[in-house]
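Protein chains in written order, with this note's numbering: chain A, 1 to 227; chain B, 1 to 227.
A couple of the hints might just be wrong.
Okay, derived cross-link-like pairs now, DSS-like style, lysine-lysine, Cα gap no bigger than 30 Å in a straight line [said to hold, decoys possible]:
1) B:K175 - A:K208
2) A:K61 - B:K63
3) B:K26 - A:K208
4) B:K175 - A:K224
5) A:K208 - B:K61
6) A:K224 - B:K224
7) B:K26 - A:K225
8) A:K175 - A:K93
9) B:K93 - A:K224
10) B:K208 - A:K224
Distance windows between CB atoms, simulated [claimed, not checked]:
11) B:V127 - A:Y201: 48 to 58 Å
12) B:Q9 - A:S30: 48 to 58 Å
13) B:T95 - A:Y170: 43 to 53 Å
14) B:K61 - A:Q15: 52 to 62 Å
15) B:Q31 - A:G88: 24 to 34 Å
16) B:T95 - A:K225: 33 to 43 Å
In short, the hints are calculated from the structure, not lab data. Yeah, the Cβ is synthetic: ideal placement off N, Cα and C, and Gly gets one too.
Protein chains: 2
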Amino acid sequence: MEDIINAIQHPYFPQDTPIPHYVASKLDMSQSLLTLGSAVAGLVVLSGILIGRARNALSCKDKLILVWMLVCAGIHIVLEGYFSFNHGTLAGKSTVLADLWREYAHSDSRYLTSDPFTVIMEGITAVFDGSFALVAVYGILADSPIRHPAQLITSLAQLYGDVLYMATNYMEGFKYTNPHPMYFYGYFVLMNLPWIVIPTYLIVDSCKSIYRGMLIAQRATSTKKAE
Amino acid sequence: MEDIINAIQHPYFPQDTPIPHYVASKLDMSQSLLTLGSAVAGLVVLSGILIGRARNALSCKDKLILVWMLVCAGIHIVLEGYFSFNHGTLAGKSTVLADLWREYAHSDSRYLTSDPFTVIMEGITAVFDGSFALVAVYGILADSPIRHPAQLITSLAQLYGDVLYMATNYMEGFKYTNPHPMYFYGYFVLMNLPWIVIPTYLIVDSCKSIYRGMLIAQRATSTKKAE
Chain A
1 MEDIINAIQH PYFPQDTPIP HYVASKLDMS QSLLTLGSAV AGLVVLSGIL
51 IGRARNALSC KDKLILVWML VCAGIHIVLE GYFSFNHGTL AGKSTVLADL
101 WREYAHSDSR YLTSDPFTVI MEGITAVFDG SFALVAVYGI LADSPIRHPA
151 QLITSLAQLY GDVLYMATNY MEGFKYTNPH PMYFYGYFVL MNLPWIVIPT
201 YLIVDSCKSI YRGMLIAQRA TSTKKAE
Chain B
1 MEDIINAIQH PYFPQDTPIP HYVASKLDMS QSLLTLGSAV AGLVVLSGIL
51 IGRARNALSC KDKLILVWML VCAGIHIVLE GYFSFNHGTL AGKSTVLADL
101 WREYAHSDSR YLTSDPFTVI MEGITAVFDG SFALVAVYGI LADSPIRHPA
151 QLITSLAQLY GDVLYMATNY MEGFKYTNPH PMYFYGYFVL MNLPWIVIPT
201 YLIVDSCKSI YRGMLIAQRA TSTKKAE
């Protein structure tokens, strides 16, 4: 009986999923979104400072990619890193980051139940995608040849993780998601779709740049050999 | 009661997982391994023919990578493609490919239960990794600038999929795996570890090649501008 009471005393879906150590958040929805928005805004400002101090003149496109990569690095390393280290106790923690995860979890309760796929995928995202996003930021600022491998690796890992993440929930009939449009569209779709669309664009962008670069390199090398 | 009888009438782990439409394979273990081995040998021979007809003189390393990529493409597209299209009915099918999957499933029953993560990951592997492995084969044969983007994309997708695949089973205490060393080490570890080790090497290989190529391209472009 106690198990059943524990199982239903939370607002997440599926409603019978056990989250025994759940405690309510201190931040409400608007405070959570404002906190996340402020953090993202802070990263955008930091990107602006880095762009201002760059030795190279960056194109408008490169500036936007730098902002994207720095925002991604921040989210991956801080927010998703926090999840990765605390997933087992997250539902009962009283921290701002736990509040943010409890808010997002309305759109996916797997974040509060240590779902194996979610934990591994988020661990990879935090450590691997986060690090390579920083390398991409460095690559853009320093006009380094490492930029496109880093951009390609970050974007492909993001795309793969996000496709698996969204598609597994789809295959289970979105049972982990509160069906309210605010949570389904506002959180689950809108907060994940950018990591499908933008990485796809950046993968194509990097492939094109690498193709052109490798072609120039091949020609330069064969010209040198012919001389 | 019927459910319980259905649930235990198969040799897979966890032993109580329901595989109601399970039928036994016609091929035994050695016949299954011989069939798989013959298919791989066929792909190696095909690689040899392609290498023999290549216009470029390929290095020993490139020949080995070509063989690897063609073997991967075959496994991804045919074997994993078959799984992706038939996962729902695989356990009850009477085909050679279904026999191979029933044999492998001793090391992971998720292949016979339409496990959402496994189905999505295999779908991506069959379509995406399989296609890019073929592009990598073409890239090596034609000495095309697309070779390293394709090699990098294929290898990163393989690595990501396989890490998630192995790690999710680990996180669940290898409950999907028959603990017999033949199945745990012989199948689960030995048949998956190559897709961790070799892609990691090939990712580093491609990053190095792209870095060198982009550096030459940068210098060639700036020399041209200076002239």
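Hint-by-hint comparison with the structure:
1. Straight-line distance between C-alpha atoms of K175 (chain B) and K208 (chain A) comes to about 44 Å, which puts the hinted pair past the 30 Å bound.
2. As the CA atoms of K61 (chain A) and K63 (chain B) are separated by approximately 39 Å, the hinted pair breaks the 30 Å bound.
3. Our distance criterion of 30 Å between C-alpha atoms is broken by K26 (chain B) and K208 (chain A), whose separation comes to about 49 Å.
4. The hinted pair formed by K175 (chain B) and K224 (chain A) fails the criterion: a straight-line CA distance of about 59 Å is larger than 30 Å.
5. Distance hint between K208 (chain A) and K61 (chain B) is fulfilled; the C-alpha atoms sit about 25 Å from each other, no more than 30 Å.
6. About 14 Å separates the Cα atoms of K224 (chain A) and K224 (chain B), which keeps this hinted pair within 30 Å; it holds.
7. Restraint check for K26 (chain B) and K225 (chain A): not satisfied, since their Cα atoms lie roughly 59 Å apart, outside the 30 Å limit.
8. Using a Cα cut-off of 30 Å, the hinted pair K175 (chain A) and K93 (chain A) holds, with the two alpha carbons roughly 24 Å apart.
9. For the hint pairing K93 (chain B) with K224 (chain A), the CA-to-CA distance comes to about 59 Å; that exceeds 30 Å, so the pair is violated.
10. Taking the CA atoms of K208 (chain B) and K224 (chain A), the gap is about 21 Å. The hint holds against a cut of 30 Å.
11. For V127 (chain B) paired with Y201 (chain A), a C-beta distance near 20 Å fails the hint of 48 to 58 Å.
12. For Q9 (chain B) and S30 (chain A), the Cβ-Cβ distance of about 55 Å falls inside the hinted range of 48 to 58 Å, so the restraint holds.
13. The hinted window of 43 to 53 Å between T95 (chain B) and Y170 (chain A) is violated, with their beta carbons roughly 28 Å apart.
14. Evaluation of the 52 to 62 Å hint for K61 (chain B) and Q15 (chain A) yields a pass: the beta carbon distance comes to about 56 Å.
15. About 45 Å separates the C-beta atoms of Q31 (chain B) and G88 (chain A), a value inconsistent with the hinted range of 24 to 34 Å.
16. T95 (chain B) and K225 (chain A) have their C-beta atoms about 52 Å apart, which leaves the hinted 33 to 43 Å range violated.
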